[in-house]
Amino acid sequence: EDQVTQSPEALRLQEGESSSLNCSYTVSGLRGLFWYRQDPGKGPEFLFTLYSAGEEKEKERLKATLTKKESFLHITAPKPEDSATYLCALYGGATNKLIFGTGTLLAVQP
Amino acid sequence: EADIYQTPRYLVIGTGKKITLECSQTMGHDKMYWYQQDPGMELHLIHYSYGVNSTEKGDLSSESTVSRIRTEHFPLTLESARPSHTSQYLCASSESVGGAWNEQFFGPGTRLTVL
Numbered sequence: 115e116d117q118v119t120q121s122p123e124a125l126r127l128q129e130g131e132s133s134s135l136n137c138s139y140t141v142s143g144l145r146g147l148f149w150y151r152q153d154p155g156k157g158p159e160f161l162f163t164l165y166s167a168g169e170e171k172e173k174e175r176l177k178a179t180l181t182k183k184e185s186f187l188h189i190t191a192p193k194p195e196d197s198a199t200y201l202c203a204l205y206g207g208a209t210n211k212l213i214f215g216t217g218t219l220l221a222v223q224p
Numbered sequence: 064e065a066d067i068y069q070t071p072r073y074l075v076i077g078t079g080k081k082i083t084l085e086c087s088q089t090m091g092h093d094k095m096y097w098y099q100q101d102p103g104m105e106l107h108l109i110h111y112s113y114g115v116n117s118t119e120k121g122d123l124s125s126e127s128t129v130s131r132i133r134t135e136h137f138p139l140t141l142e143s144a145r146p147s148h149t150s151q152y153l154c155a156s157s158e159s160v161g162g163a164w165n166e167q168f169f170g171p172g173t174r175l176t177v178l
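Quick mapping for you: the protein sequence lines, in order, are chains A and B. Be aware that the first sequence starts at 115, since it is given in the working numbering, and climbs by one per residue. Be aware that the second sequence starts at 64, since it is given in the working numbering, and climbs by one per residue.
Just so you know, these hints were derived from the structure itself, not from any lab. Since this is a predicted model, take the numbers as computed values, not measurements. Among the hints, erroneous ones may be present.
[Stated by the list, open to error] In silico DSS-like cross-links for lysine-lysine, where the CA-CA straight-line distance does not exceed 27 Å: (1) B/Lys120 / B/Lys81; (2) B/Lys81 / A/Lys156; (3) A/Lys211 / B/Lys94; (4) A/Lys173 / A/Lys193; (5) A/Lys171 / A/Lys183; (6) B/Lys80 / A/Lys156; (7) B/Lys81 / A/Lys177; (8) A/Lys211 / B/Lys120; (9) B/Lys94 / A/Lys171.
[What the hints assert, rightly or not] Derived CB-CB ranges, DEER-like: (10) B/Gly121 / A/His188: 39 to 45 Å; (11) A/Pro122 / B/Leu74: 49 to 55 Å; (12) A/Lys156 / B/Ile132: 35 to 41 Å; (13) A/Ser133 / B/Glu126: 38 to 44 Å.
[Said to hold, decoys possible] Quick look at which bits of chain B chain A covers, simulated, 3 or more residues with Cβ under 8 Å: (14) 106–113; (15) 164–170.
We put the CB at the ideal spot given by N, CA and C, even for glycine.
Model the full assembly from the supplied sequences, consistent with the hints where possible.
Okay, here's the thing in structure tokens:
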């Protein structure tokens, strides 16, 4: 069964304190891994797509990386406006549906 | 910038009422989806469509129904709302390009409360 696990559940950082969020997965053939940002009461906002191990994508202070077992979302010098829930999702070989993790709630304090 | 819209954004209704949640996208995407999300929980797929006149049930059992008469429009209907239907409903769409598994773009959501 395809599965996605995100850690930590919650993370509190000081402004400028870099860190990483983890998304580990078990899947029978990864077809695509996606990172989203979700603000309270809103729909998820698409950030990155990764298709194969070794792939990296970057956008402003965020960088997503992918291995055969996990993906990381690296946040460099975060700002308070980066506070949100970050969701990881993937298409696995066993299903044609997007499987979501429960997310990491990030709080960046000034 | 994703152009996908949902109305209403918030809805409070009484038990037994019939409601329709609207979802429209202007990107010409073939695939559209409805998810349900409770606070702090993962998204659960309740319905999806791969094109006009195509609808399928998702993994989460739902008493709602959907229709896809036009590419851009994917409404969700609850014939008789109950308090257990209280949740956030999210609509999404994605394009079919070369058979690739593409990202889904989400609307702002409808927060439904059934009293």
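Results of checking the hints against the structure:
Among the hinted pairs, B/Lys120 with B/Lys81 is consistent with the structure: their alpha-carbon atoms are about 20 Å apart, no more than 27 Å. Only pairs whose Cα atoms come within 27 Å are accepted, and B/Lys81 paired with A/Lys156 is accepted, the gap being roughly 24 Å. Of the supplied pair hints, the one linking A/Lys211 and B/Lys94 holds, its CA atoms being roughly 12 Å apart against a limit of 27 Å. For the hint linking A/Lys173 to A/Lys193, the alpha-carbon distance of about 14 Å falls within 27 Å, and the restraint holds.
A distance of roughly 17 Å separates the Cα atoms of A/Lys171 and A/Lys183; the hinted pair therefore holds under the 27 Å criterion. As the CA atoms of B/Lys80 and A/Lys156 are separated by approximately 25 Å, the hinted pair is consistent with the 27 Å bound. Restraint check for B/Lys81 and A/Lys177: not satisfied, since their Cα atoms lie roughly 45 Å apart, outside the 27 Å limit. Proximity of A/Lys211 to B/Lys120 is assessed by CA-CA distance (about 11 Å); at most 27 Å being required, the pair is judged to hold.
Among the hinted pairs, B/Lys94 with A/Lys171 is consistent with the structure: their alpha-carbon atoms are about 25 Å apart, no more than 27 Å. One distance hint, 39 to 45 Å for the beta-carbon pair B/Gly121 and A/His188, is violated here, with the actual separation near 32 Å. Checked against the hint of 49 to 55 Å, the C-beta distance between A/Pro122 and B/Leu74 comes to roughly 34 Å, which is inconsistent with it. Against the hinted window of 35 to 41 Å, the Cβ-Cβ separation of A/Lys156 and B/Ile132 comes to about 28 Å, which falls outside the hint.
At about 42 Å, the CB distance of A/Ser133 to B/Glu126 agrees with the hint of 38 to 44 Å. With 3 residues having a Cβ less than 8 Å from any Cβ of chain A, the stretch 106–113 of chain B passes the three-residue criterion, so the hint holds. Counting residues of the stretch 164–170 of chain B whose beta carbon lies closer than 8 Å to any beta carbon of chain A gives 7, which reaches the threshold of three, so the coverage claim holds.
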